[in-house]
Amino acid sequence: MSSTPILSVSDLKKTFPDGTRALKGVSIDVMPGEFLVMIGSSGAGKSTFLRCTNHLFKPTSGKIVFEGKDISAVKGRALRDARKHLGMIFQGYNLVKRLTTLENVLLGRLGYMSSITGALGIYSREDRLRAVDLLERVGLGEQRFKRADQLSGGQQQRVGIARAIAQQARLILADEPIASLDPKASDTVMSYLHQVSREEGIACIVNLHQVDYAKKYADRIVGLKDGEIAFLGSPEDVTDEVIKNLYGEKGDKIDD
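Position 96, counted from 1, in the sequence shown is what the numbering used here calls 1080; the numbers after and before it change by one each time, with no gaps.
Source of the hints: derived by calculation from the structure; they are not laboratory data. Certain hints may be false.
Said to hold, decoys possible - Cross-link-like lysine to aspartate or glutamate pairs, in silico, DMTMM-like; alpha carbons within 20 Å at most: (1) Lys-1200 <-> Asp-1224; (2) Lys-1168 <-> Asp-1196; (3) Lys-1168 <-> Glu-1184; (4) Lys-1042 <-> Asp-1065; (5) Lys-1053 <-> Asp-1013; (6) Lys-1199 <-> Asp-1166; (7) Lys-1228 <-> Glu-1212; (8) Lys-1047 <-> Asp-1013; (9) Lys-1209 <-> Asp-1221; (10) Lys-1209 <-> Asp-1196; (11) Lys-1081 <-> Asp-1065; (12) Lys-1008 <-> Asp-995; (13) Lys-1053 <-> Asp-995; (14) Lys-1068 <-> Glu-1110; (15) Lys-1209 <-> Glu-1225; (16) Lys-1047 <-> Glu-1212; (17) Lys-1042 <-> Glu-1212; (18) Lys-1130 <-> Asp-1117; (19) Lys-1200 <-> Glu-1183; (20) Lys-997 <-> Asp-1013; (21) Lys-1130 <-> Glu-1087; (22) Lys-1209 <-> Asp-1224; (23) Lys-1130 <-> Asp-1111; (24) Lys-997 <-> Asp-1054; (25) Lys-997 <-> Glu-1212; (26) Lys-1068 <-> Glu-1051; (27) Lys-1008 <-> Glu-1212; (28) Lys-1209 <-> Glu-1051; (29) Lys-1042 <-> Asp-1221; (30) Lys-1209 <-> Asp-1013.
Said to hold, decoys possible - Quick list of simulated restraints, FRET-style, between CB atoms: (31) Glu-1051 <-> Leu-1216: 21 to 27 Å; (32) Gly-1217 <-> Gly-1052: 22 to 28 Å; (33) Leu-1104 <-> Ser-994: 41 to 47 Å; (34) Gly-1232 <-> Asp-1065: 40 to 46 Å; (35) Ser-987 <-> Leu-1104: 42 to 48 Å; (36) Asp-1133 <-> Leu-1216: 36 to 42 Å; (37) Ile-1100 <-> Leu-1063: 17 to 23 Å.
Where is the CB? At the ideal position from N, CA and C, for every residue including glycine.
Turn these sequences into a full structure, and let the hints steer you where they fit.
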């Protein structure tokens, strides 16, 4: 693993127009290939951190360096170029329901195509073969011609993983990817995400409210509380006292 962070965030702050201070100076480095899991209660700032990182939210202040480039205030083409290698996996899947599973994976290639070929859906043979291979790797090869809206939630999330790899993401930001899934589907999705991270050398930041999954899959765990880092360490360091501090007396592991 390289000693140079693929992502370095320094003193990241985000205040919303209503005065809510969602992030109060978060600083963290993420190493290439690292599987980092963020935990914390509702409103802790987990989702806001991811959305500021890929500029779905504009940070109020702070510095974001991705692959050695300062992307804190990038716009236009520079932002699009940065996002080519920033994959995003959402709780709500964000698939195009009327398209096939294969077509949804191919959407990960749009950042590398002209506007005309992208709009017409003209993909290279190499891209199509790669997309089929990626679906095989996440256990969905036989589902490639099925519409996305005919898949289960767990299957849709696996399509999202394949799409992020097709995108040639070097960092995947996964925002509560298993919050809507049953335990079996949750473990399947986390297993595939962890597997492709290892095989492809892709760094991942995964927001979870299930501490048990965080401890099972993470290289490091970050605990956010009230917009600040309250814990940073290995899964073995996540004690009952840490969980109590992050979630309160009952240790409720609720969504962000």
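Given the hint that Lys-1209 pairs with Asp-1221, does the C-alpha gap stay at or below 20 Å?
holds, 17 Å
Measure nothing beyond the straight line between the CA atoms of Lys-997 and Glu-1212; if it is 20 Å or shorter, mark the hint as holding. holds, 10 Å
Proposed proximity, Glu-1212 with Lys-1042 (alpha carbon, max 20 Å): Between Lys-1042 and Glu-1212 the Cα gap is close to 18 Å, so the pair holds against 20 Å.
| Pairwise hint evaluation, Asp-1065 against Lys-1042, where the allowed Cα distance is 20 Å at most | Holds - the C-alpha atoms of Asp-1065 and Lys-1042 are around 17 Å apart, at most 20 Å.
Within 40 to 46 Å: is that where the Cβ-Cβ distance between Gly-1232 and Asp-1065 falls? Given a distance of about 42 Å, which is inside 40 to 46 Å, the answer is holds.
For the pair we were handed, Lys-1053 and Asp-1013, check the Cα-Cα distance against 20 Å.
holds, 14 Å
Beta-carbon spacing of Ser-987 to Leu-1104 - inside the hinted bounds 42 to 48 Å or not | holds, 44 Å
Q. Is the straight-line distance between the alpha-carbon of Lys-1228 and that of Glu-1212 20 Å or less?
A. holds, 16 Å
| message | Next pair to validate is Lys-1068 with Glu-1110; report whether the Cα-Cα distance is within 20 Å. | response | holds, 18 Å
Cβ separation of Asp-1133 and Leu-1216, checked against the hinted range 36 to 42 Å
Holds, at about 40 Å.
### Message
For a C-alpha distance cap of 20 Å, please report whether Lys-1200 and Glu-1183 respect it.
### Response
holds, 18 Å
Under the criterion that the straight-line Cα-Cα distance not exceed 20 Å, is the pair Lys-1053, Asp-995 satisfied? holds, 17 Å
In this structure, the earlier hints numbered 3, 11, 28 and 29 are contradicted, and the remaining ones agree with it.
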